[in-house]
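Here is how the chains run, residue by residue.
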Amino acid sequence: MSKLSFFLGCIAPNRYPCIEISTKKIMERLDVKLEELEGASCCPAPGVFRSFDKTTWLSLASRNIVLSEEIGNDILTVCNGCFGSLVDANLMLKEDAALKEDVNKMLSEIGREFKGTQDVRHIVEYLFQEVGVESIKNAVTNPIDLKVAVHYGCHLVKPSKERHLGNAENPTFFDELVEATGATSVDYEDKMACCGAGGGARTAVLDTTLHMTSNKLDHMVAAGVDCIVDACPFCHLQLDVGQTEIKKKFDKEYGIPVLHYSQLLGLAMGFTPEELGIDMNFVDNSKFIEKIRGGVK
Amino acid sequence: MSDTIKTSNFSQEFREEIFEEPGADKIALCFNCTGCSSGCPMTEQEPEFNIRKFLRMANLGMKDELLNNTYIWYCTTCYKCQERCPQGVHNVDALLKIRTIAVHNGIMLPVHKKVGQLVVNYGHAVPINDATKEKRKKLGLDEVPPTVHSFPDALDEVKTLLHIAGFDKIVAKEEEEK
Ligand code: SF4
Ligand code: SF4
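If you read the protein sequences in the order shown, they are chains A and B.
Just so we're aligned, residue 1 is where the first sequence starts under our numbering, counting upward by one.
Just so we're aligned, residue 1 is where the second sequence starts under our numbering, counting upward by one.
Worth double-checking, as some hints may not be accurate.
Which chain A residues face chain B? A few, computed with CB under 10 Å, are given here [stated by the list, open to error]:
no., residue
1, I21
2, C43
3, Y126
4, K161
5, R202
6, V205
Under the rule of at most 16 Å between Cα atoms (straight-line distance), these lysine to aspartate or glutamate pairs were calculated in the EDC-like manner [what the hints assert, rightly or not]:
no., chain 1, residue 1, chain 2, residue 2
7, B, K53, B, E65
8, B, K137, A, E176
9, A, K147, A, D175
10, B, K138, A, D279
11, A, K147, A, E176
12, A, K54, B, E21
13, B, K137, A, E274
14, A, K54, B, D93
15, A, K24, B, D142
16, A, K191, A, D175
17, A, K54, B, D142
18, B, K135, A, D175
19, B, K135, A, E274
20, A, K115, A, D74
21, A, K252, A, D207
22, A, K94, A, E162
23, A, K191, A, D218
24, B, K113, B, D168
25, A, K54, B, E44
26, A, K54, B, E17
27, B, K159, A, E109
28, B, K137, A, E275
29, A, K137, A, E176
30, B, K138, A, E274
Source of the hints: derived by calculation from the structure; they are not laboratory data.
Predicted model, so just to flag it, every value in this text is computed and none were measured.
Ideal placement from N, C-alpha and C gives every residue a C-beta, glycine not left out.
Generate the whole structure from the sequences, applying the supplied hints.
Structure representation (structure tokens):
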């Protein structure tokens, strides 16, 4: 049985706990043991903290990695931001001895040391590369008949040099995982477009980022999808809470359900929408829930 | 913009500081192909935001113009530009470096400072709230997650690191000014 530390980050545990519980449920079914990473902090958010001060960013990121090193686990993230932050920090510290020494000087103040023994994984790439599409298919008991707009998000695949997940302009691994649940991944215009949230932009210029989100949602609607499936709580927030903000600010209503991949796979494994917290989005998902109750084959 | 650019205001030091960032030195190889800016989703929304222009300005050492340009905070770090640059410029990393220099010159958006303060105080950029506690309970999770939120010693460690890095001072500045 594989064993990983579950790195929660901020938005999953503190806004969308449905992603946390769904991840636990599906990983248990897939025989991947998740251990809590007790005392972990913000990753810290790459676009914001890395812009402010690289030393600060590295000190908190390295501490999170060290917590997992100390229990001998690789780290599992369910968020593109956490993934980007921790992968980049881990790589930099493994490759740059001088930087590692600087960071370890700081960490020694709290009695810790970065060794560089563990890897950082993202749930989607982990499922694809370690568990495999076939095993996922075998774990599906209730195939899902839905048309899905897959949203990769940026930091899962970019910068591609550090991600090793192939072509960042036209990837397919996430679509394959979505289709393993029985769903259809529907192509839509500018599919790899950013949701708008990252880099501190949502905080700095909310309305401008919502126009980006709105463009993305328009393209999804035009393709006739039943729901969005993403891989990141921050994209999730921008796409879900964003819809309520777009309604208020621009008087435009979409009503598209947003699911994290862990929730989609959870449905296909026979968990109920309530067990997976699909009723807890900011957009009202009740019609969608009725539909999947009646429509699950 | 038709303002005259004064070469006397160029800062070679500023240019060199940016070039310390790995891949940012490739800005010197930029041949202005517009590959980065033409695909940028933020430029599509806000034409005043132009990554190519900003990096050209960096190459000239236009320190004051860049650091005080509020649009440097608009980038979503989607990395589309960096993926596409034929000259291998690390466009985003260079922009983040410019932001860092701005922050260390006391230039920072108040809303970003607030996010920084949240991490200093709680160890989370997005701390728990009552509505989420309710949701967590309903889902069968502990009301408070097993992060720094549940372990005061862990939060102390985070605070210690932020203090050594001087980050608490960086985000505290504004409050002192008030
Ligand atoms: S990373 Fe920033 S500058 Fe580059 S394409 Fe995305 S939003 Fe534009
Ligand atoms: S894509 Fe690269 S070479 Fe082309 S304008 Fe942008 S930075 Fe310069």
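Cross-check of the supplied hints:
Given hint, A/I21 at the interface with chain B, holds; its Cβ is 5 Å from that chain's nearest Cβ, closer than 10 Å. The beta carbon of A/C43 comes within 9 Å of a beta carbon in chain B, closer than 10 Å, and the hint placing it at the interface holds. Restraint check, A/Y126 versus chain B: the minimum CB separation of about 21 Å is more than 10 Å; hint violated. Interface restraint check: A/K161 against chain B, minimum CB-CB distance 9 Å, threshold 10 Å, status holds.
Checking A/R202 against chain B: minimum C-beta separation of about 8 Å stays under 10 Å; hint holds. The beta carbon of A/V205 is positioned within 10 Å of a beta carbon in chain B (closest approach about 6 Å), and the interface hint is therefore held. Of the pairs offered as hints, the one joining B/K53 and B/E65 holds, with about 11 Å between alpha carbons and a cut-off of 16 Å not exceeded. Between B/K137 and A/E176, the direct Cα distance comes to roughly 33 Å. Violation of the 16 Å bound is thereby established for this hinted pair.
Of the pairs offered as hints, the one joining A/K147 and A/D175 holds, with about 12 Å between alpha carbons and a cut-off of 16 Å not exceeded. For the proposed pair B/K138 and A/D279, the alpha carbon gap of about 11 Å is at most 16 Å, so the pair holds. Simply put, A/K147 and A/E176 have alpha-carbon atoms about 13 Å apart, close enough for the 16 Å limit, and the pair holds. Only pairs whose Cα atoms come within 16 Å are accepted, and A/K54 paired with B/E21 is accepted, the gap being roughly 11 Å.
Under the criterion of a C-alpha separation no larger than 16 Å, the hint pairing B/K137 with A/E274 is consistent with the structure, at around 13 Å. Only pairs whose Cα atoms come within 16 Å are accepted, and A/K54 paired with B/D93 is accepted, the gap being roughly 11 Å. Distance check on the hinted pair: A/K24 and B/D142 sit about 13 Å apart at the alpha-carbon level, within 16 Å; holds. Restraint check for A/K191 and A/D175: satisfied, since their Cα atoms lie roughly 12 Å apart, inside the 16 Å limit.
Straight-line distance between C-alpha atoms of A/K54 and B/D142 comes to about 33 Å, which puts the hinted pair past the 16 Å bound. A distance of roughly 29 Å separates the Cα atoms of B/K135 and A/D175; the hinted pair therefore is violated under the 16 Å criterion. Taking the CA atoms of B/K135 and A/E274, the gap is about 11 Å. The hint holds against a cut of 16 Å. With a C-alpha separation of about 13 Å, the suggested pairing of A/K115 with A/D74 holds against the 16 Å cut-off.
Pair hint A/K252 plus A/D207 holds up; C-alpha atoms about 13 Å apart against a cutoff of 16 Å. Restraint check: the Cα-Cα separation between A/K94 and A/E162 comes to about 13 Å, which is no more than 16 Å; the hinted pair holds. Annotation: proposed proximity of A/K191 to A/D218 holds, straight-line Cα distance about 11 Å (limit 16 Å). Between B/K113 and B/D168 the alpha-carbon distance is near 10 Å, which keeps this suggested pair within the 16 Å criterion.
A C-alpha spacing of about 29 Å is found between A/K54 and B/E44, which places the hinted pair above 16 Å, so the restraint is violated. A hinted pair counts as satisfied when its Cα atoms are at most 16 Å apart, and A/K54 with B/E17 qualifies at roughly 14 Å. For the hint pairing B/K159 with A/E109, the CA-to-CA distance comes to about 11 Å; that is within 16 Å, so the pair holds. The suggested pairing of B/K137 with A/E275 holds, with an alpha-carbon distance near 12 Å, which does not exceed 16 Å.
Pair hint A/K137 plus A/E176 holds up; C-alpha atoms about 10 Å apart against a cutoff of 16 Å. At roughly 9 Å between alpha-carbon atoms, B/K138 and A/E274 fall within 16 Å of each other, so this suggested pair holds.
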